[in-house]
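A.B. asks: Taking the hints as your guide, dock the two standalone chains into a single complex.
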Amino acid sequence: MKNIISIQDLTFTYPGADKPTLDHLNLKIEKGDFLAIVGNNGCGKSTLCKVFNGLIPHFISGTFSGNVWVDGKNTLEADVGVLAHKVGYVYQDFENQIVRPTVLDDASYACLNYGMKDYKERGGEALSQCGLKGREDEYIWQLSGGQTHLLALAGAVALGPDVLILDEPIAQLDPGHADRIYDVLKELNEKYGKTIIVIEHHTEYIADYCKNVLLLRDGKAAWMLPAGEALARVDELIQSNIFPPQVTIAGHRLRSECMVPFENPLPTTVEDGKQAFSSLILQQDRKEKLDCPKQKEAARFTDVTVAYRSVKGEPKTVFDGLNLSIHKGEKIALIGSNGAGKSTLMKMLVGLLKPTDGVVELHGISLKNMKADQLSRQISLVYQNPEEMFIKDSIYSDIAYAMQVRNVKDWKEKTEGLLKRFRLSELSDRDGRLLSGGQMRRASLAIGVALNPEILLLDEPTANLDIATRKEIMRTLSDMKDVTDTVMIATHDMQLVCEWAERIIVLCQGQVMADGTRDEIFGDTQLISKVGIRPPEIFSMGQALDQRALCYTVEEFLNAFSYETSRAGGNK
Amino acid sequence: MMQKLSESVLDKFSMDFLRNQVLKNAYGNDDTVIAKRDPRILLIWYLFFGLVPWFVNDLPFLLGCFLLVMVTTVLAKVAGLVLLLFAVGVFTQTGYLLIATWVFGGDASAIAPLLILTLKVATISLASVTVFSGLDPDRLSNGLMWFGCPERLSFSISYAYRMLPMLMEEFQNVLLSYRLRGNPPVRETVRGKIKYLIYQIKIIIHAFYPLMLNTAKRSRTTVEALELKGYRYAAVNKEVRKMKLSSLKVIYDDMIFLAVSFLWVAVTIFISTMI
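Protein chains in written order, with our numbering: chain A, 1 to 572; chain B, 1001 to 1275.
Same shape as in the complex, but just chain B (with noise of 0.2 Å):
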């Protein structure tokens, strides 16, 4: 039964699925309310969530927060994977004391204090969630541009989305050519296993090499045909700048995000004066 579900749990998470999250995550959910805002609004609210609660250490504003910023990752519907390296990040950093303080009986004096750090982690984590995987890579790259960042670095950001996919299927057969013609250790015993893990983890970095040449001999046409679309030419042109800038629009729904958003924070803080 414990093979049966260990193996389960090893084909869902195969490089298959880690692309198709980072696709679906990038832009399978394009229609969601956080998608359609305008970056820019986005951008502000961001700044707002994910350095406020590091200066706050008032309870009820910071629980408030953090619903918030639930509902928005809900509404902004995150793909499964990003949700649980998530979790695994809000527990590795913090999360674990607070468990550990409780278990073993610590008081209020003790618990207080960590849930006010796990929840000034999850809270910007949360946000950044929303913000960087709610968007698509393009409307926040424009709401970046527009905040002054280069070109550049924006055309990296949507570039490294279209480029992701190829990657992780170039790794995948590469690692598949490995598991065809390699001999891995045989895994019955517990010592097997573990070289098995170690076989599992030198295969992966013997497999980085053939994925850079490849990658290496494919941009070679990607660097030429960017040059024949006039990427260079647009990067110091402040007309074409403004054409891309053109599209971003704030919207009535815009101002209502806000408004709530605002509205929500207000509550809170006046219940935490009020107690």
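So that you can see chain A by itself, here it is in the shape it has in the complex (with noise of 0.2 Å):
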């Protein structure tokens, strides 16, 4: 096979920067790959790909060395026009890559833009190819976050490049839309030949998808492995804060503690579990125990009826007449895909939408006539885009703001509990949009419980992370159980809905689907085919090796199952 990219002795270093990003970097990719690119927050991988397309060296500055051949051409000696034609690159902020109103002038605008007198068709054809074939007049806010994602890549494709590269394409998506890129690409590289390369943290899609796997570790190519033998390098990958999937967890942890002699690869997908588990079988049936009486009610929604206005035609209907009713004291996980209204929701309880018709309560008061003051102390919602919450120019102040303007006692002492707890006193005079994902992620909670709401929403606290932040993030929220009293969280992470909900409501369509423990949720499977949610692999895992079975961490799934032999037939 042909390299279609390779690179020798690169290294970049930013201008200002006290060492280089990437450093003396070696690399080949075969043409026709599907490569996933992970490594450490910071380790170069955005970097590197930009270097692919020849925006590094060409139009962000710094300090390079070494050679970049893309599809034979050195990229110092062509300019980004030429490789733009050779390598098609989508960010992860993708809305703002598209520049154009309507689909398919965003499509073709590239072509257009090289001169291609056949730039319509061309950019139909990506459009084809990337499955919005129709929706070529519509316009670009008429779409989903997923097609608009689809928008994006065909934007890149259109110019026909032999080599995609995409920055964490499913970061923001439900595993329905996710589910869709991939099998988009997958397309793009078995049937069109295009080599793919991916930013990725979510492991399991990789196993899926990718034929191999390039490990970055600061700023060198670690190693280059096809992806199963990649992904059972568990203990590699933990150190560099990647997750292998689930399966090969457990995998992993049953052969080190000896409990099998595993001569295979360690599985790592539930395809392959079913082989590598088949002797394990279920030792207890466990049951989750359904006690603590309600308390008493906190909000309630009766009736609701929402719609939003639209550009043509007739207003958008969210909601019809919904009743729901949320308790003092519960942790409650709202599920549903994009636009199932989880949003629309939070927005309502916090007073920002008023309902078309229909009544919102808080402790029994209506919404209406509650003064925004009033509201603020009672319930509190940290936006998803925590970029928007930043309002001043340091996070301290950030912080202290909402105490501050109403003289609350000891707002000092109070804002710097706050940025203690939150591990965010060495950065208190920083701006917040400067931060991190992670970093900012933590500011936006803190500055939510401020004012220590009893009330406190979250929408899709740990989207747009990696997985090591996120999990630092759900340590944070099990870490705050104590001090929030009620808590109401909108997300598509299933793992941390398994992990920290204690009531799952299921969005779809503007209706409440279903209302229940996660084993209510979980274990009816079709429910979970119907409106879509994926429950986390190891609980499907589970679920494949025996029906019975609902455990949603590997460490409960090693409690549930074991080996017959070990533990000498007792159990049988």
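Heads up, some of the hints might be wrong.
[Stated by the list, open to error] Result set (EDC-like, lysine to aspartate or glutamate): computed pairs, CA atoms no more than 20 Å apart in a straight line:
no. : chain 1 : residue 1 : chain 2 : residue 2
1   : A       : Lys117    : B       : Glu1151
2   : B       : Lys1217   : A       : Asp105
3   : B       : Lys1217   : A       : Asp393
No wet-lab data here; the hints were simulated from the structure.
C.D. replies: Shown next, in the form of structure tokens:
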């Protein structure tokens, strides 16, 4: 196989940085590969991808040494325009990559700019390759998040590049849309022979779709291996803050505890796992206890109907006759696909959005009769996008703001306390926007709890984070369990749901489809396939082995299953 | 009752509403008679109705022009907000003088010049409204490009429209942050209301700082993406310019539109000479 990209002794240093981001890196990528690049935060993944398409060194300055060949051309000699025909790039914040108002216009824009006569046909062709056929004339704000991502991809595909690079393609998407993206990528790879490179933290997707994995460590290529082999290097990956699929971790744990003389490679998918774990037997039939009598009502929706204005035609109805009540002390996860109305529901609770019909009450008082100030002491919302929470120039003043303007006693001490609690003390004078993803998220949580609200609403607190940071936020959330009373989280992150939530509400097309404990929700296979949610991988693994098994974490899986022989047949 | 009314007016006039109106204005009516016209024809049409009324003082002619642009504005299905701004604009320019003169018993010799001035302003504004909000920004910028405006200007127009809704949404969210966390003064008394208004204005000014920074952060990606999409390359390439303009076509209906306008103007001139 021919190498489409080869890199020789590449070193790149950003201006003002004291050490190189990429450090004597050598790499060869074969044509037709489906490669996942993994690595710690700040190990140079995005920088490396910008080297492939010539933005470095042509557009972004810095100290560059070494050679990069893309399809036989040295990037130092070719300009960005020439390289754009060879390498397509989809950014992590892809919505900023779209510059034209209609779908077809945006997809064909690059072709038009490079003076291709058949630019419309090329754009249309790219759209159909990316599964957006039939949407050519729609305006971009009519698209959902997943479709917008596909459009950004189509814009890159239209130029007919051999290599496509995607920076965290599924970070903000629900599993249904994420599968869509990866299926499109797979087709581009297999049917159209494109080389696909993804930066990806979701190792389940790497296991399902990618051929090879490249681990970057400290600006160097640590290794590049076939996906199965790479994911089995559990210890090494965890050191770099990459978490292999839960099935692989379970296999690894079983092996290290010498439960089995595992000769075979570790399983990476549920399918593999069926084979590898076939001799495991469910030991106990665990039933979750349902106790805790319901406390008094904290919030209630009665016959609520909401509609948004639309640019053209009829307003879009999000909820039609929604009824729901939330009790004090509950830890609720709100789940459902993109556009099911999760954010809308939260915005209504804090009074940012008024229902067209029906009543929203907090502690028995209708929101209509409540002053904003009164409201903000009772309930607080942390946005999905933490940047929008930062209204001051340092996180110290951001956290202090709400207390300061209310003359809360000891606001200084309280702010210091919050900074310490969320491990932000050293960063207190930095601008929130310039922090890393995890720090930004922690700061936004600290802002959210500053007024000590009785009800805390979190919109996607783990979206856009790598797994390590996600774990950290999950830990923070568990820590917070004792200080906050009633918490509701809207999320796609089923691991978070399973490990944290006590009550799960499933929204689908403006209706409450299901409401219950995790056993009631995930145990209902019909419901799950109907609303398109996906339980954590380890749960599916357990189910595949034994229908009765309900285990949500690797820990629970290992407790629930064991080999016959290891218990000397005692449990039979 | 009064309070209810003012509250509901305030509710309507939210950022969300503004955003919706901007989008509606730009793209919501792409199937109207005006939006289907060739942008070059419309620009020529505008050249006449945007300039000539300034130099003519003939009342029947001005009235005729005003009626015509009123019809085209209706045909263009211009968004309500723009019309409101138009009405406020005309009134504050000259309309209040006209009404004041009229109410305080000014005779025809005082009213006529004011009426003419008001008609002039109204005609020109409505002609602008028809062209600039009846056409969608892309067709408009293509038209401008054909007349030799630099590519950069026409791209800026359509890009501004692309960005505006996003910026407004961001601005709205920042304002919401202030609303959720801030502590506005109580607005029971008249003094409280004034304080509240001052507070609101202060917040809006403060909200610009985070808005700028967030936008700057976003635009980094956009700038790189434009580079990759060959924007700079296209700006200097004559061939690309030609391709962009090849979508413009004058059709039969465009001619009818021009002919009807011309006829109408001819009729008004005829009438004014008859009088």
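A.B. asks: Please flag the earlier hints that this structure goes against, numbers listed from lowest up.
C.D. replies: 2
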